[in-house]
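Peer 1: Construct all of the structure, not just a fragment, from the sequences and the given hints.
Just so you know, the numbering used here puts 628 at position 219 of the sequence shown, and the rest follows in order with no gaps.
Hints were generated in silico from the structure; no laboratory data involved. No experiment lies behind these values; they were computed from the predicted model shown. Note that beta-carbon positions come from the ideal geometry of N, C-alpha and C, so glycine has one too. Hints should not be assumed to be uniformly reliable.
[Claimed, not checked] Cross-link-like lysine-lysine pairs, in silico, DSSO-like; alpha carbons within 27 Å at most:
1. K505 - K558
2. K631 - K662
3. K558 - K464
4. K558 - K420
5. K443 - K581
6. K485 - K432
7. K485 - K558
8. K558 - K523
9. K466 - K485
10. K505 - K443
11. K581 - K413
12. K464 - K485
13. K443 - K485
14. K420 - K432
[What the hints assert, rightly or not] Cβ-Cβ distance ranges computed for the label pairs, FRET-style:
15. G591 - R532: 38 to 48 Å
16. G634 - K588: 20 to 30 Å
17. E425 - P550: 39 to 49 Å
18. G591 - E542: 32 to 42 Å
19. E428 - A470: 22 to 32 Å
20. W545 - K464: 20 to 30 Å
21. W545 - T471: 23 to 33 Å
22. D534 - T471: 41 to 51 Å
23. Q650 - E441: 19 to 29 Å
24. K432 - N469: 24 to 34 Å
25. P556 - K581: 38 to 48 Å
26. P550 - E488: 27 to 37 Å
27. G520 - A470: 34 to 44 Å
28. E425 - W545: 18 to 28 Å
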Amino acid sequence: MDIKQLDNFAKEIIKEAGERIRKSFSYDLIVETKSSANDLVTNIDRETELFFIEKIKTYNATHRILGEEGMGEAVKSLEGVVWIIDPIDGTMNFVKQHRHFMITIGIFIDGVGKLGYIYDVMRGDLFCAIEGEGAWYNDSPLRKLQPVKLEEAVIGINASWVTPNGKINHEKLISLIRKVRGTRSYGSAAMEIAFVVSGKLDAYLSMRLSPWDIGGGTIIAKEVGAVATNLNGEYFDFLGQDTFLIGNPTVHKEILANYIEQL
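Peer 2: Set out below in structure tokens:
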């Protein structure tokens with residue numbers, strides 16, 4: 410398989426999809442809820458996923474697509490070529506603010522992440538990587554992450570995990586918040602991952618993410634030296650939901666060792 414050719418094709422359709430999304434603001438959105446009032450989907454999410462499926466199947470009908478909106482196949486394994494796609498990561502931001510949302514795609518071959526993309530639709534910024542060949546922000550190479558002390562770190566975390574909940578010891582996370590320099594929450598896992606791989610954040614954690622949230626980002630992370638695991642320090646399950654922690658290696662290690670206690 411020609412990885413460079415596949416890379417060029419992926420970039421082409423990502424940017425075309427971004428243009429389609431930007432034009433969508435000129436007509437009415439149809440907004441629905443999925444699992445909860447905070448879990449939104451729009452007609453544009455679905456139309457964008459269908460756009461990717463049609464383009465990918467025309468390129469190579471044997472490629473399979475695992476997408477958030479379920480418009481592709483029921484993917485039960487990562488054998489062969491599998492595209493893991495979130496057409497709009499940060500749908501609430503898309504609906505409410507018309508910004509701060511991403512297209513994110515990971516291309517896996519026999520279970521190995523080969524190509525990763527995070528595209529900031531409204532800014533036109535592309536974070537991308539080819540396994541073993543490095544990562545880029547637009548046309549500029551992303552540098553390897555440098556060590557940082559936890560007390561100097563800025564981390565991404567949703568405030569809901571620092572309040573009483575049934576998934577994690579929030580008191581330990583309160584101690585983490587007091588330790589670090591600052592916290593941020595952007596409402597898009599892909600955006601937070603993009604900020605980690607580019608050094609704007611030093612870590613990001615979540616108690617519940619899906620493969621399409623992180624498929625592209627974990628491939629980019631590996632190329633800059635970031636560590637991405639679940640909260641047990643294990644490889645993320647790309648066929649189901651899992652906990653997630655990505656960070657600068659020094660920060661990732663300390664957070665995992667001293668501040669994570671799952672319930």
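Peer 1: Indicate, hint by hint, whether the structure satisfies it.
Peer 2: Hints, one by one, checked against the model:
1. Of the pairs offered as hints, the one joining K505 and K558 is violated, with about 36 Å between alpha carbons and a cut-off of 27 Å exceeded.
2. Taking the CA atoms of K631 and K662, the gap is about 15 Å. The hint holds against a cut of 27 Å.
3. At most 27 Å may separate the alpha-carbon atoms for a hinted pair to count; K558 and K464 exceed this at roughly 45 Å.
4. Note on K558 and K420: the hinted pairing is violated, with a Cα-Cα distance of about 35 Å set against a maximum of 27 Å.
5. Taken as a hint, the K443 and K581 pair is broken in the structure, with Cα atoms around 31 Å apart against an allowance of 27 Å.
6. At most 27 Å may separate the alpha-carbon atoms for a hinted pair to count; K485 and K432 exceed this at roughly 34 Å.
7. Straight-line distance between C-alpha atoms of K485 and K558 comes to about 40 Å, which puts the hinted pair past the 27 Å bound.
8. With a C-alpha separation of about 31 Å, the suggested pairing of K558 with K523 is violated against the 27 Å cut-off.
9. As the CA atoms of K466 and K485 are separated by approximately 18 Å, the hinted pair is consistent with the 27 Å bound.
10. Simply put, K505 and K443 have alpha-carbon atoms about 17 Å apart, close enough for the 27 Å limit, and the pair holds.
11. In summary, the hint linking K581 to K413 is not supported, as the alpha carbons are separated by about 45 Å, beyond the 27 Å threshold.
12. A hinted pair counts as satisfied when its Cα atoms are at most 27 Å apart, and K464 with K485 qualifies at roughly 22 Å.
13. Between K443 and K485 the CA atoms are separated by roughly 22 Å; this keeps the pair inside 27 Å, and the hint holds.
14. Note on K420 and K432: the hinted pairing holds, with a Cα-Cα distance of about 19 Å set against a maximum of 27 Å.
15. Hint check: G591 to R532, Cβ distance near 22 Å, so the stated range 38 to 48 Å is violated.
16. The hinted window of 20 to 30 Å between G634 and K588 holds, with their beta carbons roughly 22 Å apart.
17. Separation of E425 from P550 is about 25 Å and departs from the stated range, judged on CB atoms against 39 to 49 Å.
18. A hinted range of 32 to 42 Å for the beta carbons of G591 and E542 is consistent with their spacing of about 33 Å.
19. Remark: the range hint 22 to 32 Å for E428 to A470 is upheld by a beta-carbon distance near 25 Å.
20. Taken as a hint, the range 20 to 30 Å holds for the pair W545 and K464, whose Cβ atoms sit roughly 22 Å apart.
21. Range check, W545 to T471: about 28 Å between beta-carbon atoms, so the 23 to 33 Å window is met.
22. Look at D534 against T471: about 31 Å separates their beta carbons, and that is not inside 41 to 51 Å.
23. Between Q650 and E441 the beta carbons are some 20 Å apart, a value that agrees with the proposed interval 19 to 29 Å.
24. One distance hint, 24 to 34 Å for the beta-carbon pair K432 and N469, holds here, with the actual separation near 27 Å.
25. Restraint check, P556 to K581: a C-beta distance of roughly 23 Å breaks the suggested window 38 to 48 Å.
26. In this structure the supplied range 27 to 37 Å holds for P550 paired with E488, their Cβ-Cβ distance being about 32 Å.
27. Take G520 and A470: their Cβ atoms lie about 21 Å apart, and the range 34 to 44 Å is violated.
28. In this structure the supplied range 18 to 28 Å holds for E425 paired with W545, their Cβ-Cβ distance being about 19 Å.
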